[in-house]
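Q: With the sequences and hints as input, model every part of the structure.
Chains as they are written, first to last, in this note's numbering: chain A, 9 to 219; chain B, 78 to 271.
Source of the hints: derived by calculation from the structure; they are not laboratory data. Mixed in with the good hints, there may be bad ones.
Unchecked claim - In the DSSO-like style, the derived pairs of lysine-lysine whose C-alpha atoms are separated by at most 27 angstroms in a straight line are:
#: 1; chain 1: A; residue 1: 219; chain 2: B; residue 2: 190
#: 2; chain 1: A; residue 1: 208; chain 2: B; residue 2: 186
#: 3; chain 1: A; residue 1: 208; chain 2: A; residue 2: 148
#: 4; chain 1: A; residue 1: 140; chain 2: B; residue 2: 81
#: 5; chain 1: A; residue 1: 219; chain 2: B; residue 2: 186
To be verified - Covered stretches of chain B, going by a simulated chain A footprint (3 or more residues, C-beta under 8 angstroms):
#: 6; segment: 194-204
#: 7; segment: 221-231
#: 8; segment: 235-248
#: 9; segment: 257-269
Quick caveat: nothing in here was measured; it's all calculated off a predicted structure. All C-beta atoms, glycine included, are put in the ideal place defined by N, C-alpha and C.
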Amino acid sequence: MDGSRNIADIQTAPQGDFGELVKVRKFVIHIEEVLHEFGPAANPPQLKGYIAAVAANPYAGSYVENLMPLMEALKPLGTAMAQRLIDALGGADKIVAYGKSAIVGENGELEHAALWHEPGGYGMRQLIKPSKAIVPSSKKVAGPGRPVDVPLAHVNAAYVRSHFDCIECSIPDAPRADEIVWIQSMATGARIYDRAGGLKASDIQGEDGLK
Amino acid sequence: MKAKIRKTQVIVETTHSDIGRPVDPATRKASALAVIENPFAGRYEEDLSELMDIGAELGGYLGKMCVDALGITAEQAESYGKAAIVGENGEWEHAAAILHPKLGAPLRKEVEKGAALVPSVKKLGGQGTRIDVPLGHKDAAYVRSHFDGMEVGMADAPRANEILVAVSVTDSGRPFPRVGGLTTDEAVGEDGLR
Chain A
9 MDGSRNIADI QTAPQGDFGE LVKVRKFVIH IEEVLHEFGP AANPPQLKGY
59 IAAVAANPYA GSYVENLMPL MEALKPLGTA MAQRLIDALG GADKIVAYGK
109 SAIVGENGEL EHAALWHEPG GYGMRQLIKP SKAIVPSSKK VAGPGRPVDV
159 PLAHVNAAYV RSHFDCIECS IPDAPRADEI VWIQSMATGA RIYDRAGGLK
209 ASDIQGEDGL K
Chain B
78 MKAKIRKTQV IVETTHSDIG RPVDPATRKA SALAVIENPF AGRYEEDLSE
128 LMDIGAELGG YLGKMCVDAL GITAEQAESY GKAAIVGENG EWEHAAAILH
178 PKLGAPLRKE VEKGAALVPS VKKLGGQGTR IDVPLGHKDA AYVRSHFDGM
228 EVGMADAPRA NEILVAVSVT DSGRPFPRVG GLTTDEAVGE DGLR
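A: This is the structure in C-alpha cells:
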C-alpha cells in the first residue's frame with residue numbers, strides 16, 4: 009500500500025470523473041468583463057477569468073512519497089478545464105494571457121499543489137497556440153473560502169509588460185480538508201490602461217518564450 | 078526617498094516539519110512590506126513615472142530587508158517574487174507602474190544575479206486584504222522545486238489613498254520537493270529559464 013486513501017468510491021457525475029485518483033466535486037467558472045477604471049472607456053473591454061475544479065485529494069492525511077500517479081491522472085482534467093474556460097472566453101484564438109494555481113486543503117501538503125505544474129500548464133498550452141511562455145503560478149495550503157491570487161502573463165513572451173495581471177479566486181465551500189482546488193486563469197487582453205512601458209505584445213519575437 | 082512610507086513589516090516563515098516529518102534543514106521564506114502614499118489616488122494621471130521611480134527605491138529597500146532578515150548573503154538567496162495591493166482610490170495600473178518598469182534591477186542586486194523574471198501579482202483591495210506573492214527560482218524560472226508562494230497582508234493597509242508593496246526572498250525551495258522537473262543541480266542560470 010502506498011499510503012494513498014481510496015477515493016475510487018466517491019460518486020460523481022461523468023464530467024467530474026477522471027479515474028480512480030481524480031474525482032471532481034464541482035467546477036467554478038468566473039469571468040470578469042472590465043469596461044473602465046475611472047479613465048477612458050476600455051477599447052476593447054478585457055475579459056479575464058478562471059476555472060476551478062474542486063477535487064478529492066487522494067494523498068490527504070499522510071505522507072505519500074510517490075506523487076507521480078496523480079500528476080499523470082490530472083492531465084485529462086487539465087485539458088478539459090482549459091477547453092471549458094477557452095469556450096467561456098470566446099475561443100482559443102482570443103486568449104493572450106494565462107496562469108495557474110492550486111489550494112490544498114488542510115490535510116494535504118504544499119507539495120501536492122506542485123503536481124499541477126505539468127497537467128495544469130500543458131492542458132492550456134496544447135490548446136492555445138503559440139504558447140511558448142512559462143505559465144506563472146501560485147500555491148498554498150488553506151481552508152474553505154480562502155482566496156488565492158492567480159497570476160496572469162502573456163502566453164508567448166513572458167516579458168510582455170502589458171499582460172502581467174492577476175485574478176483572485178475563492179470558493180466559499182472549498183477546499184475541504186481532504187480536497188484540492190485546481191485553478192487555471194486566462195485573459196483576452198492586456199490591462200485596460202496599460203502604460204507602464206516595457207516590451208509590447210506587437211514587438212515580440214516569440215522564439216524563446218521570454219521576449 | 079520619493080516614496081512616502083507609513084510603515085514597513087518583515088516576516089520570516091520557517092518550516093520545521095510538515096505532515097509529520099521533520100524538514101531538515103528548515104525551509105525559510107521572508108517577505109518585506111511597505112505601505113506608501115499613492116501620489117495619484119483619486120484621479121486619472123496619464124504619466125506614472127513617479128510610481129516607477131518609487132518602485133526602483135522599494136526594490137532595493139525591501140529586497141535588502143528580506144536578505145537581512147534571513148541573515149544570508151546575496152548569493153544564498155534562492156527564489157523571489159513581488160506584489161502590490163492598490164487602495165480603493167487608486168488604479169490597477171498603479172500596481173503595474175511600481176512593479177514592472179524599475180523594481181527588478183535593484184532587487185536583483187540584493188540577491189545576486191537574478192537572471193529569471195521576478196514573478197508577480199497585483200490587485201485592488203481594502204484594509205486587511207491579503208495577497209499571495211508568487212515565488213520562483215531567481216536564476217532559472219523552470220526549477221520546479223522552487224515554485225511556491227507566500228501570503229502576506231497588514232490589518233490596517235492599504236488605506237484608500239495608499240499602496241501596499243511586497244517583496245519576498247527565500248533561501249530554499251519547498252520542504253519536500255518530489256514532482257520532478259528541472260532541479261537546482263541541473264540549472265545553468267544563464268538564460269533565466271533553465
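Q: Look at each hint and say if it fits the structure.
A: Structure-based check of all given hints:
Between residue 219 (chain A) and residue 190 (chain B) the alpha-carbon distance is near 19 angstroms, which keeps this suggested pair within the 27 angstroms criterion. For the proposed pair residue 208 (chain A) and residue 186 (chain B), the alpha carbon gap of about 26 angstroms is at most 27 angstroms, so the pair holds. A hinted pair counts as satisfied when its Cα atoms are at most 27 angstroms apart, and residue 208 (chain A) with residue 148 (chain A) does not qualify at roughly 32 angstroms. Taking the CA atoms of residue 140 (chain A) and residue 81 (chain B), the gap is about 40 angstroms. The hint is violated against a cut of 27 angstroms.
Only pairs whose Cα atoms come within 27 angstroms are accepted, and residue 219 (chain A) paired with residue 186 (chain B) is accepted, the gap being roughly 22 angstroms. Counting residues of the segment 194-204 of chain B whose CB lies closer than 8 angstroms to any CB of chain A gives 6, so the stated coverage by that chain holds, three being the minimum. A stretch counts as covered by a chain when three or more of its residues have a beta carbon under 8 angstroms from one of that chain; for the segment 221-231 of chain B and chain A the count is 5, and the coverage holds. For the segment 235-248 of chain B, the stated coverage by chain A is not satisfied: 0 residues place a CB nearer than 8 angstroms to a CB of that chain, which falls below the threshold of 3.
Figure legend: the segment 257-269 of chain B, annotated as covered by chain A; annotation consistent (4 residues with Cβ-Cβ distances under 8 angstroms, at least 3 required).
In the structure shown, a violation is registered for the earlier hints numbered 3, 4, 8, in ascending order.
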